Amino acid sequence: GNSVTQMEGPVTLSEEAFLTINCTYTATGYPSLFWYVQYPGEGLQLLLKATKADDKGSNKGFEATYRKETTSFHLEKGSVQVSDSAVYFCALSDQTSGSRLTFGEGTQLTVNP
Amino acid sequence: EPEVTQTPSHQVTQMGQEVILRCVPISNHLYFYWYRQILGQKVEFLVSFYNNEISEKSEIFDDQFSVERPDGSNFTLKIRSTKLEDSAMYFCASSAGRGGLGQFFGPGTRLTVL
Numbered sequence: 001g002n003s004v005t006q007m008e009g010p011v012t013l014s015e016e017a018f019l020t021i022n023c024t025y026t027a028t029g030y031p032s033l034f035w036y037v038q039y040p041g042e043g044l045q046l047l048l049k050a051t052k053a054d055d056k057g058s059n060k061g062f063e064a065t066y067r068k069e070t071t072s073f074h075l076e077k078g079s080v081q082v083s084d085s086a087v088y089f090c091a092l093s094d095q096t097s098g099s100r101l102t103f104g105e106g107t108q109l110t111v112n113p
Numbered sequence: 114e115p116e117v118t119q120t121p122s123h124q125v126t127q128m129g130q131e132v133i134l135r136c137v138p139i140s141n142h143l144y145f146y147w148y149r150q151i152l153g154q155k156v157e158f159l160v161s162f163y164n165n166e167i168s169e170k171s172e173i174f175d176d177q178f179s180v181e182r183p184d185g186s187n188f189t190l191k192i193r194s195t196k197l198e199d200s201a202m203y204f205c206a207s208s209a210g211r212g213g214l215g216q217f218f219g220p221g222t223r224l225t226v227l
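If you read the sequences in order, they're chains A and B. Going by my numbering, the first sequence opens with residue 1, and the numbers climb by one from there. Going by my numbering, the second sequence opens with residue 114, and the numbers climb by one from there.
Keep in mind that a hint or two might mislead.
[Unchecked claim] If you only want the chain A side, here are some residues facing chain B, beta carbon under 7 angstroms, derived:
no., residue
1, Ser32
2, Glu42
3, Gly43
4, Leu44
5, Leu46
6, Lys49
7, Thr51
8, Tyr66
9, Arg67
10, Ser93
11, Gln95
12, Ser99
13, Glu105
I should point out that these hints are in silico values taken from the structure, not numbers from a laboratory. Computed from a predicted structure; not experimentally measured. Backbone N, C-alpha and C define an ideal beta-carbon position, used for all residues, glycine too.
Bound conformation, chain A alone (with noise of 0.2 angstroms):
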């Protein structure tokens, strides 16, 4: 079946930081994937996405390229601020298991100032 698989956490950086989060995923056939992010008291809202290998989703800074040879769409910022603290999920959705996203563990983010 699907699974996606992300770093463990949390994660702890200072204002301005490179932030790296790494998601890899099986899959069954040619997923669909995404980064949602939840901030504190909300819900899940839908950061950036990739529909095929090689394309680079990005949104508010962050990007994150679809990487068929490994299994991966890491989550990439190059300077974060204290507003990016929430908890990031990655996910994919494969149209061999229907239209159901699959999430990973989901990584908190705390950005001190």
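Since chain A is already given, all that's left is putting chain B on it; use the hints.
Chain B in isolation, oriented as in the chain A frame:
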């Protein structure tokens, strides 16, 4: 910007009671979903709904669960006889299509079963 809304934000119930969680998806979306997140665990898929019927469900979605779209705007999840292990955050989501379009989530309902 259109958004998915959910009510109530927090529901407390006694074991064995029925609960109905309500969602209003984004108005032009066609696919609707329920997920849940038990504290400290992954977000898990429960069910998807399209064209007024269930299109997919997980092994979690047993006979105690049901979904309904009673009118043109609401989408509900009913748990007939709640168990302690049903305590979780329940998220509703909607999407315009399948696959790569992405799903848009509501803020969640925290269900506490005592």
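For each hint, the structure was consulted:
no.	hint	in the structure
1	Ser32	holds, 4 angstroms
2	Glu42	holds, 6 angstroms
3	Gly43	holds, 4 angstroms
4	Leu44	holds, 4 angstroms
5	Leu46	holds, 5 angstroms
6	Lys49	holds, 5 angstroms
7	Thr51	holds, 4 angstroms
8	Tyr66	violated, 11 angstroms
9	Arg67	violated, 17 angstroms
10	Ser93	holds, 6 angstroms
11	Gln95	holds, 5 angstroms
12	Ser99	holds, 4 angstroms
13	Glu105	holds, 6 angstroms
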